[in-house]
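Enquirer: Mind docking chain B on chain A? Use the hints.
Protein chains in written order, with the numbering used here: chain A, 94 to 334; chain B, 94 to 334.
Rather than coming from a laboratory, the hints here were simulated on the basis of the structure. Remember, it's a predicted structure, so these values are computed and weren't measured experimentally. Worth double-checking, as some hints may not be accurate.
No copy is singled out in the list; a pair is fine if it fits within one copy or between any two copies.
Claimed, not checked - SDA-like mimics (lysine to any residue), calculated; alpha carbons at most 25 Å apart, straight line: (1) K201 to V140; (2) K201 to N168; (3) K211 to C121; (4) K160 to N214; (5) K290 to I233; (6) K201 to L166; (7) K290 to I206; (8) K211 to S154; (9) K160 to S321; (10) K201 to E167; (11) K134 to I204.
Protein chains: 2
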Amino acid sequence: MSMKHLSKGSRMPSPNRGKLRLFTNKFCPYSQRVHLVLDAKKLQYDVVYVNLSNKPDWLYSISPLGKIPALELENGDVLYESLIIADYLDEKYHQHPLHPKDPLRKAKDKILIEQFSKVVNTMYKILLTSSRNNDENRDIIMEGLETFEKELAHRQGPFFGGAVPGMLDYMIWPWCERADLLKLFGNQFALNKDKYKRLVEWKGRMHEDAAVRKTLIDTESHIKFIQSHRAGIPEYDLISG
Amino acid sequence: MSMKHLSKGSRMPSPNRGKLRLFTNKFCPYSQRVHLVLDAKKLQYDVVYVNLSNKPDWLYSISPLGKIPALELENGDVLYESLIIADYLDEKYHQHPLHPKDPLRKAKDKILIEQFSKVVNTMYKILLTSSRNNDENRDIIMEGLETFEKELAHRQGPFFGGAVPGMLDYMIWPWCERADLLKLFGNQFALNKDKYKRLVEWKGRMHEDAAVRKTLIDTESHIKFIQSHRAGIPEYDLISG
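Next comes chain A alone, as it looks inside the complex:
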């Protein structure tokens, strides 16, 4: 199993029929969501790392739009869209359930995940494109973080999901892992320890979670990656393992 990201001209690795296989990228936060669910449930799966700036032709035979994450199932069927894959895994594999059992609590968590997508889109603009860190972007991120800070205060904790991380924790985690990067790109506000006390504590606890640790990338490597991405030559292979 290659630990390097495969590019155009590569051969698609042969599947291990009967085993899940995730088409992914080490720096893709949407893919990381699916890793977190698979790892929280301690499922066995193969990975195929894909170079997103020079996609292999065979990717389109797996995922019609060339999108990752794409999860190949035991029978050869393929699912895509991170949230749809996450829900599928939670419904299919009952160990370590991630969504609340109560339909109302589940729906409310899904609304929060949906709301978080505004933060996601804004972070993407600030970190990876030339969009300036203007007041509007700043407001969107601060409003988003405040919603989640308040939410943690209302809940029993220590995680959004309760005693252990649940679906909401894992679905927002990839961008929270990258929150410190905002400081380095001109933001003073991101995860301020006084303003977002509960979120900062939550982040510390998430860092110790076994599933989170499996895909955790240190801030220094995130910075290097973002710099390479901004320079137009994303170094997907800059971390080993």
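Expert: Coordinates of chain B only, in the frame set by chain A:
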């Protein structure tokens, strides 16, 4: 219960605690999705029609972003986002289940609903904004319709959900109800009877469904509404009942 759309300056109708209440608009396809689920499950609910071009102030106390559909639950909690509400209702009320029980079939249907959002966005551009019915828009809609035509061929039918309409049928229906409008705004391609034989037949069967009939609006009224919307004074009250 007012059958007219309420505007700024109106008083919010008092809730019937213990009964579902849907904040909706007769011409909003996203709201229609929630009506279809409620009606398919034969749930009792009150409705509050909202004027989207002159929203009542009290709407923001119900739905923080002023978005509809918003479903007020028996306990006063409020859910929004049409797909999240639809999933909630299907999980909470087991009569007439709409999603497939099998997690894989359910995930595949959710991917199709997600794909359909491209058709939705393009129809919106063509019908309600000044966006021209150009080749790109045309291709997006034709590709979308072809995906669904093929999908119907692969399935047992007569509906996407099987013997009766399921979640996928209802979630795409509001835009299919409006498909004929594309012809009137310059498109010759929409739901061509030879090219999309199965979809056209499916549409005929959907027209007979009891839940669909409850919110069905005739094409003439849809045209009048679109003309009023394009003129800048949307006539939400142009149909009675």
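Enquirer: All hints are to be evaluated individually against the structure, with a verdict given for each.
Expert: So, going through the hints one by one against the coordinates:
1. K201 to V140: between (32 Å within a copy, 21 Å between copies)
2. K201 to N168: between (33 Å within a copy, 14 Å between copies)
3. K211 to C121: both (17 Å within a copy, 23 Å between copies)
4. K160 to N214: both (17 Å within a copy, 20 Å between copies)
5. K290 to I233: within (19 Å within a copy, 46 Å between copies)
6. K201 to L166: Classified as between: cross-chain Cα gap 12 Å, same-chain 29 Å, threshold 25 Å.
7. K290 to I206: Answer is within; shortest intra-copy Cα gap is 20 Å, inter-copy 39 Å.
8. K211 to S154: between (31 Å within a copy, 21 Å between copies)
9. K160 to S321: For K160 and S321, only the intra-copy Cα distance (21 Å) is at most 25 Å; the inter-copy one is 40 Å.
10. K201 to E167: For K201 and E167, the Cα distance is within 25 Å only across copies (15 Å; inside one copy 32 Å).
11. K134 to I204: Intra 23 Å, inter 23 Å, cutoff 25 Å: intra and inter.
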